[in-house]
Amino acid sequence: MMTRYNKIFQVFNQPYDEKINQILKKIANSSKEIKNALSSVAETKFGLNAILISPLYGVGFKNSLIHVIVFNSRFQPISGADVMITFPKDVNFEKHLQTNQFGSASFHAPEIVNLVQYGKITCLVEKEGKQVELVNYYNRSGADELSDRNVLFTVLTDLEQYQPGQPIYIRGMVWEQDGLDLKAFKSLKVHISLVNPHHQEIIKQTRITDSFGVFFQTFPLEDIIEEGLYSLKFELPELSQTIKRKISIKAFKKPTIKIELVPIESVKVGEFLVVEGKAEYFYGDPLNEGDIRVILFERAGDKPLKEFTIELNRDGKFITKITTEDITP
Numbered sequence: 090m091m092t093r094y095n096k097i098f099q100v101f102n103q104p105y106d107e108k109i110n111q112i113l114k115k116i117a118n119s120s121k122e123i124k125n126a127l128s129s130v131a132e133t134k135f136g137l138n139a140i141l142i143s144p145l146y147g148v149g150f151k152n153s154l155i156h157v158i159v160f161n162s163r164f165q166p167i168s169g170a171d172v173m174i175t176f177p178k179d180v181n182f183e184k185h186l187q188t189n190q191f192g193s194a195s196f197h198a199p200e201i202v203n204l205v206q207y208g209k210i211t212c213l214v215e216k217e218g219k220q221v222e223l224v225n226y227y228n229r230s231g232a233d234e235l236s237d238r239n240v241l242f243t244v245l246t247d248l249e250q251y252q253p254g255q256p257i258y259i260r261g262m263v264w265e266q267d268g269l270d271l272k273a274f275k276s277l278k279v280h281i282s283l284v285n286p287h288h289q290e291i292i293k294q295t296r297i298t299d300s301f302g303v304f305f306q307t308f309p310l311e312d313i314i315e316e317g318l319y320s321l322k323f324e325l326p327e328l329s330q331t332i333k334r335k336i337s338i339k340a341f342k343k344p345t346i347k348i349e350l351v352p353i354e355s356v357k358v359g360e361f362l363v364v365e366g367k368a369e370y371f372y373g374d375p376l377n378e379g380d381i382r383v384i385l386f387e388r389a390g391d392k393p394l395k396e397f398t399i400e401l402n403r404d405g406k407f408i409t410k411i412t413t414e415d416i417t418p
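Residue 90 is where the sequence shown starts when you use this note's numbering, and the numbers rise one by one after that.
Just so you know, not all the hints are guaranteed correct.
As the list claims (entries may be wrong) - Calculated lysine-lysine pairs in the BS3-like style (CA-CA distance at most 27 Å, straight line): (1) Lys333 - Lys219; (2) Lys333 - Lys322; (3) Lys216 - Lys410; (4) Lys275 - Lys322; (5) Lys322 - Lys272; (6) Lys275 - Lys219; (7) Lys293 - Lys322; (8) Lys272 - Lys333; (9) Lys347 - Lys406; (10) Lys322 - Lys339; (11) Lys335 - Lys322; (12) Lys219 - Lys322; (13) Lys322 - Lys278; (14) Lys216 - Lys278; (15) Lys395 - Lys410; (16) Lys347 - Lys335; (17) Lys347 - Lys392; (18) Lys322 - Lys209; (19) Lys367 - Lys339; (20) Lys339 - Lys219; (21) Lys347 - Lys395; (22) Lys333 - Lys293; (23) Lys275 - Lys335; (24) Lys357 - Lys333; (25) Lys178 - Lys216; (26) Lys219 - Lys209; (27) Lys219 - Lys184; (28) Lys278 - Lys209; (29) Lys333 - Lys178; (30) Lys335 - Lys357; (31) Lys216 - Lys184; (32) Lys178 - Lys209; (33) Lys209 - Lys333; (34) Lys367 - Lys335; (35) Lys219 - Lys335; (36) Lys406 - Lys357.
To be clear, the hints were calculated from the coordinates, so they are not data collected in a lab.
Given the sequences, and given the hints that come with them, work out the whole structure.
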């Protein structure tokens, strides 16, 4: 039986070292225009992205290939990512995988997985503390209702954690499978929602993909907003799909730093004063970026005599020699 998901599985169910790299290159370099349109996305520091390939219909899960591809913002495969795929509670099946050197992880759904009701399959990808959650929804439609349209969807955000009052920048890309080729899915309606920790939609907007299959959205956050784990929900009504991505909203706390000075011997006016010390975080790592601002006060401590900055080196240490010739005693 040839269905909409069987065709795309034929493409992805091939040697990973060949097909996956070809597909990622095709996505990244499909045309100069698309590459230019996605230039801001390619520079993002959000380095964990994933595509979940699974049937859209419950009748097709039994023995079907479930495939996850994990890649960075430059569309390079990420190996060693932990993948957990969860089926609905009534199925009671969970699969733990790890991506290979080509960013792939896949398995064939066992005989017990025969989904005939509406539901979802959840995929959680984790690598070095970063997480991406994908949710594919399916329904119980029969194969006679299926079309030949196969879609790949991914979304990127500029950050993983936001603070209150900071805008969320979202870039999404949708591709359509046409044989062995991928092409931009244009004029697709996408409903984008920000869902709070209580599963309530607090912002919702609708966007249409452009001729490059790209959509973007900016969600401004209130200065006073509940902190916690939020979800970005993407609904594709034309495809009967919903995808979610987790983000965190939390006020940033600057790490505590400690500055130690080498004891300074008394000097006379006109002599050089050596200021030396080190700066480090409270947990011991050196503070190796930025400058130290030093203010020289008179003995009583209420009158500044001189101010200067010292550049930190890689070890968080600093040293400088200043003249006191221009100081009036």
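Original post:
Can the restraint linking Lys347 and Lys406 be considered satisfied, given a maximum Cα separation of 27 Å?
Top reply: Cα-Cα ~12 Å, so holds.
Original post:
Are the Cα positions of Lys272 and Lys333 separated by 27 Å at most?
Top reply: holds (23 Å)
Subject >> Lys333 paired with Lys293 [C-alpha distance capped at 27 Å] >> reply: Status holds; Cα separation ~14 Å.
Subject >> Pairwise hint evaluation, Lys184 against Lys216, where the allowed Cα distance is 27 Å at most >> reply: Cα-Cα ~17 Å, so holds.
Original post:
Given the hint that Lys178 pairs with Lys216, does the C-alpha gap stay at or below 27 Å?
Top reply: holds (26 Å)
Original post:
Keeping to a limit of 27 Å between CA atoms, is the pair of Lys395 and Lys410 held or broken?
Top reply: holds (13 Å)
**OP:** Could you grab the alpha-carbon distance between Lys367 and Lys335 and see if it respects the 27 Å cut-off?
**Re:** violated (39 Å)
Original post:
Between Lys278 and Lys209, is the straight-line Cα distance small enough, at 27 Å or below?
Top reply: OK: Lys278 and Lys209 at ~21 Å, within 27 Å.
Subject >> Agreement of Lys333 and Lys322 with the hint, judged by alpha carbon distance not exceeding 27 Å >> reply: Since the Cα atoms of Lys333 and Lys322 sit roughly 5 Å apart, the hinted pair holds (cutoff 27 Å).
Original post:
Lys347 and Lys395: Cα distance at most 27 Å?
Top reply: holds (23 Å)
**OP:** Please work out if Lys333 and Lys178 have their alpha carbons no farther apart than 27 Å.
**Re:** holds (19 Å)
Original post:
Taking 27 Å as the top limit, are the C-alpha atoms of Lys335 and Lys322 close enough?
Top reply: Given pair Lys335, Lys322 holds - Cα atoms ~9 Å apart, limit 27 Å.
Comparing the model with each numbered hint stated earlier shows that hints 3, 6, 14, 16, 19, 24, 30 and 34 do not hold.
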